[in-house]
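Please build the complex by placing chain B on the supplied structure of chain A, with the hints as guidance.
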Amino acid sequence: MIGHSWAQEAIDTNSLRAYGWHPTPLREFVLKVAQRCNLACDYCYIYTKADQTWRDRPIVMSERIWRAAAHRIAEHADRHHLASVRVVLHGGEPLLAGADKLAEIASTVRAAMPAGCRVKISLQTNAVLLTEQTAATLLEAGIAVGVSIDAGSAAGVQHRRHADGRSSFAEVDRGLRILSRPENTGIYAGLLCVVDTELDPVSCYESLLGYRPPFMDFLLPHANWMSPPQEALGRWLIEVFDRWYEAPSQETRIRIFEDIIRLTFGGAGRSEHVGLSPAAVAVIETDGAIEQADSLKSAYAGAAATGLSVLRHSLDLVFQHPGVIARQAGLAALNPSCLKCPVHRVCGGGHYAHRFHALTGFRNRSVYCLDLYELITHIVARLSSDIQLLRRTAP
Amino acid sequence: MEDAIRDPSTASPMRSPLVDVSDLPLTVVMTLNESVLGNALRRLRTEAGDDTGAVAGWASQVDE
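Protein chains in written order, with my numbering: chain A, 519 to 913; chain B, 168 to 231.
Don't take every hint at face value.
[To be verified] If you want the footprint, here are the derived chain B segments under chain A, 3+ residues with CB under 8 Å:
(1) 187–196
(2) 206–212
[Unchecked claim] What follows is a list of derived Cβ distance ranges for each label pair:
(3) B:Thr-194 / A:Ala-765: 22 to 30 Å
(4) B:Ser-189 / A:Val-720: 29 to 37 Å
(5) B:Thr-198 / A:Arg-573: 51 to 59 Å
For the record, the hints were derived by calculation from the structure and aren't laboratory data. Positions of the beta carbon are idealized from the N, C-alpha and C atoms, including for glycine.
Pulled out of the complex, with its shape left as it was, chain A reads as follows (with noise of 0.2 Å):
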C-alpha cells in the first residue's frame, strides 16, 4: 500500500496523469548504509530537522538489505531496460560502515546488473574517515568519491562539528588531501558545499579549489515557508558565478551554475535544484524503507515516506506516489504563480523541499524564489551578452 501525507493531497494526480504524465524510471539509488555520522553539523537535515526516523532504524544497513537493494535494482534497470544507473552510498556517514563493506556492497549490485547495464557507484562522505587505506580500498573497488565541505579553511567550517564541538576541519582537509593526490583521480568526484553568507564567496571558492576538485555544487540550505531562510544569498552567489565565470580557462565545474546556464540555452538540467527535469532518484533507508529523496525530511517527519521497503516491493510502486508524481510533472506541479515567471523553465521552481507551507503543501514558490531569480537572470545577462558579442565576432 503506498503511504502518503495531507501535504501531497493538494497534488491531483489524476489531472497530471491527463496532462501526459509518464513514469521515468529511476537511474539513481541512494542506499544509506549508515544512519548515524560521526559528525553534528548544526544544518543538517537528517538530525536537526523535523524528521527523527533515523533514532529508530538500524545503524547500518544489513547484508539481507542491501542484497535485496541490489536485487529491486537490477529488477528496475531490466524492466526499462536502462543501459547506466547510478548508486550513491549514502548515510549518515557511509565511511562509518568501513570501506571493506562498502567495497563488498559495490561488488553485489555489479553482480546483479543485467547484461548491457553499467553502474556508477559513488560515496559522499565527510573526509574524517578517508585514509589512505580507505582511498586504496575505494579506488580498488571504482567507487568514486564525494566530499561534504563548506569551504577550505577552519573558520569556513563552523557548521560542521563533532557531536562535543570540536571542528571537524584538520580531519577533512587531511582526508581531502589524500583524495586529491594524482593517484586518487580516478575516484575523486568532487565537493558539495552547503552556502554559509558569513563566508566571503570569493574567498570560500578560491579555499575550496586549492583542493582542485573536478567538480564542485553550492547547495541552498534547506528552508521552507514554514522555516524561512535567514539571510539572503543570490547575490552570494552571483559573487561565486562571477569569479568562476571569468576565468579565463574554466577551473572547475559548479553543478548549478552549469545546470541554469545549460537550462538557458534550452538544455535540461541535471539536478533537484533548477529545471523541470523528471526527479528520477530513490533513497534505500537502512531497514529497506524505499523513500523519496531524503531532502524532504527537512519538511516534516514522514515526507519523504512511501510506505514501501526493497523486502515487499518492486521499485516502480513509488510511481503511484502523487510526491513522486509531482517530482516527474514539470510545469504541471509548478504554483501557478510561477507559470508566469519568465525564468520559471530556468528555476523549475527550485528544488521541491523548499517549496513546502504547512497549510499548502509543496504547490508553492520555493521559499529561494527571489534569490534564484536574482542569480538566473544575471546569469541570463551576461550570457546573453557575451552571445551577442561572439556572434559579432564570428568569422
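Just chain B now, with coordinates in the frame of chain A:
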C-alpha cells in the same frame, strides 16, 4: 517598488530558451577556448537530447 520589480511572479512570460544559441555554427563553437562559456556551448552540442532526469548525488557528473 524594488520588491515588485524583483518579484518574478509579476513578470510576463517569455519563450524558452532564454538565450538562443542554435544559430551559432558548430565550427565556431568547437574552436572556442576552454572558458566556462566555451565549454558549456560545446557540451550543449555534444549532449543534445540527453535528458536523463534530475538526480540528487554526484553520479550524474561522474558519468561525463
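- Query: Which earlier hints turn out false for this structure, listed by number in ascending order?
  - Reply: none
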